[in-house]
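Peer 1: Generate coordinates for the entire structure from the input sequences, incorporating the hints supplied.
Chains as they are written, first to last, in this note's numbering: chain A, 1 to 110; chain B, 1 to 120.
Simulated from the structure, these hints should not be mistaken for lab results. Honestly, I wouldn't trust all of these hints.
[Unchecked claim] Among chain A residues calculated to face chain B with C-beta under 8 Å, some are:
1) Arg-31
2) Gly-43
3) Pro-44
4) Leu-98
5) Gly-101
6) Gln-102
Heads up, the beta-carbon is just placed ideally off N, CA and C, and yes, glycines get one too.
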Amino acid sequence: EDQVTQSPEALRLQEGESSSLNCSYTVSGLRGLFWYRQDPGKGPEFLFTLYSAGEEKEKERLKATLTKKESFLHITAPKPEDSATYLCAVQAAGAQKLVFGQGTRLTINP
Amino acid sequence: DAGVIQSPRHEVTEMGQEVTLRCKPISGHNSLFWYRQTMMRGLELLIYFNNNVPIDDSGMPEDRFSAKMPNASFSTLKIQPSEPRDSAVYFCASSLRPGLAGHAGANVLTFGAGSRLTVL
Numbered sequence: 001e002d003q004v005t006q007s008p009e010a011l012r013l014q015e016g017e018s019s020s021l022n023c024s025y026t027v028s029g030l031r032g033l034f035w036y037r038q039d040p041g042k043g044p045e046f047l048f049t050l051y052s053a054g055e056e057k058e059k060e061r062l063k064a065t066l067t068k069k070e071s072f073l074h075i076t077a078p079k080p081e082d083s084a085t086y087l088c089a090v091q092a093a094g095a096q097k098l099v100f101g102q103g104t105r106l107t108i109n110p
Numbered sequence: 001d002a003g004v005i006q007s008p009r010h011e012v013t014e015m016g017q018e019v020t021l022r023c024k025p026i027s028g029h030n031s032l033f034w035y036r037q038t039m040m041r042g043l044e045l046l047i048y049f050n051n052n053v054p055i056d057d058s059g060m061p062e063d064r065f066s067a068k069m070p071n072a073s074f075s076t077l078k079i080q081p082s083e084p085r086d087s088a089v090y091f092c093a094s095s096l097r098p099g100l101a102g103h104a105g106a107n108v109l110t111f112g113a114g115s116r117l118t119v120l
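Peer 2: What follows is the structure, given as structure tokens:
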């Protein structure tokens, strides 16, 4: 069974304090690993798709990386507006559905 | 495009009542997904459709839950009778079926804002 585990559950940082969120996964052949951002009262918003180990993608202060067992979402010099829950999901080869982790709730204090 | 549109945004009902949640996917998308989100279990897939046909309903918790997609622009998720443990946020998401656009096989979902259901 495909599984996604995210850590930590919650992370509180000061503005400008860089850190990383972890997403560990087990999947029967990876077709894609996805990162989403979810703000309170809203639906998840797509950030990145990673397809193979060694791949990296960046968007503003966020950088996502992928290995064969895990993905990291690096946040560089975060701002309060980066506060949100970050969700990781995997799509197995031959499948269409996404399996999500529980998310990491990130709070950036000014 | 207005994105994925869900209604109602909030629903409070009493145990035993019927609940109907509605979703309008993005125009041109041919796959539609219903997810449920709770603090305990996170986001769980309930059912998904390709070209209005249900493909996988293994996540539907019980016979009390049913979903339909009568046409490409409308889907419903119905709970009858509702129970307090059904309280959750229900999300609808749509996508262009993998292989038809973008990276082959990648299924990028666009989510609606969700329907928050409270069953008393």
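Peer 1: Against chain B, run the beta carbon of Gly-43/A and see if the smallest gap drops under 8 Å.
Peer 2: holds, 3 Å
Peer 1: Go through the hint on Gln-102/A and say holds or violated, using the shortest Cβ distance to chain B against 8 Å.
Peer 2: The hint holds - Gln-102/A has a Cβ within 8 Å of chain B, the shortest such distance being about 4 Å.
Peer 1: Hint Gly-101/A vs chain B: min CB-CB distance below 8 Å?
Peer 2: holds, 7 Å
Peer 1: Does the closest beta carbon of chain B sit nearer than 8 Å to the beta carbon of Arg-31/A?
Peer 2: For Arg-31/A, the interface hint holds, since the closest Cβ of chain B sits about 5 Å away, which is under 8 Å.
Peer 1: Does the closest beta carbon of chain B sit nearer than 8 Å to the beta carbon of Leu-98/A?
Peer 2: holds, 6 Å
Peer 1: A closest beta-carbon separation below 8 Å is what the hint needs, so does Pro-44/A meet it against chain B?
Peer 2: holds, 5 Å
Checked against the numbered hints given earlier, the structure satisfies every one of them.
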